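Produce the complete structure using the sequences and hints provided.
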Amino acid sequence: MDWSYIIATASALFLVMDPPGNAPLVQGLLQNVLPKRRFAILLREMFIVLILLFLFFFLGEEILGWLGLSSGSLNLTGGIMLFLIAVGMVFPSVASHDPQAHPADPEPFIVPVAMPLIVGPAVISLVMMQAAMSANESLLAEGIIALLLAWAASSLILFFSGKILDKLGEKGTVALTRLMGTVLVMIAVQMVLNGITEYLKSLPELLKS
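Start counting the sequence shown at -6; every next residue gets the next number (this note's numbering).
Just so you know, the hints here were simulated from the structure itself, not pulled from any lab data. These numbers were taken from a predicted model, which means no experiment stands behind them. Careful: at least some of the hints might be erroneous.
Straight-line C-alpha distance at most 30 Å; calculated DSS-like pairs for lysine-lysine [claimed, not checked]:
| # | residue 1 | residue 2 |
| --- | --- | --- |
| 1 | LYS29 | LYS160 |
| 2 | LYS156 | LYS29 |
| 3 | LYS29 | LYS164 |
Below you can see the structure in the form of structure tokens.
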């Protein structure tokens, strides 16, 4: 089992899910909920997140086939989306981190916590891309482990986000989010380069057809 691949994949997915960046939003959405109820809501939402991740992971190849997409196009699309998200993390606007900018639902269900805050378009693209790359049982098992690691790490941060935010403070949270965004920019650029490489490799066959 290739643990370097697992760690790299889990890290990329963790960065895209962006739990430190979503923590202030989640806390803002749950500010009108009793503290004892918040944990139950987060537990439910993260369980829904896990179901969604597995859904896109196991049906990713079928979805690509239905849509007539190649792994190269998915790399390009995911890379561009990741880049846009990463730029927003590095240069955040005030509105994007203002809880009042989001609908104040006393107990959100699926929307907006599970989706699209955590499982957004970029996460879906990345999970589907990993599913397309998992052609054999070994890579399939490694992809599942990476997915579980990223989900578990994100869940822990969101469960203890209140205490973490108090410790980091506003400046510390912004600094951490920008650091993760910078790393995510590099991952996004690499994904775009991988997509271009795959497209160039398939170009002769496309020209023949």
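How the hints compare with the structure:
For the proposed pair LYS29 and LYS160, the alpha carbon gap of about 21 Å is at most 30 Å, so the pair holds. Taken as a hint, the LYS156 and LYS29 pair is honoured in the structure, with Cα atoms around 15 Å apart against an allowance of 30 Å. Pair hint LYS29 plus LYS164 holds up; C-alpha atoms about 28 Å apart against a cutoff of 30 Å.
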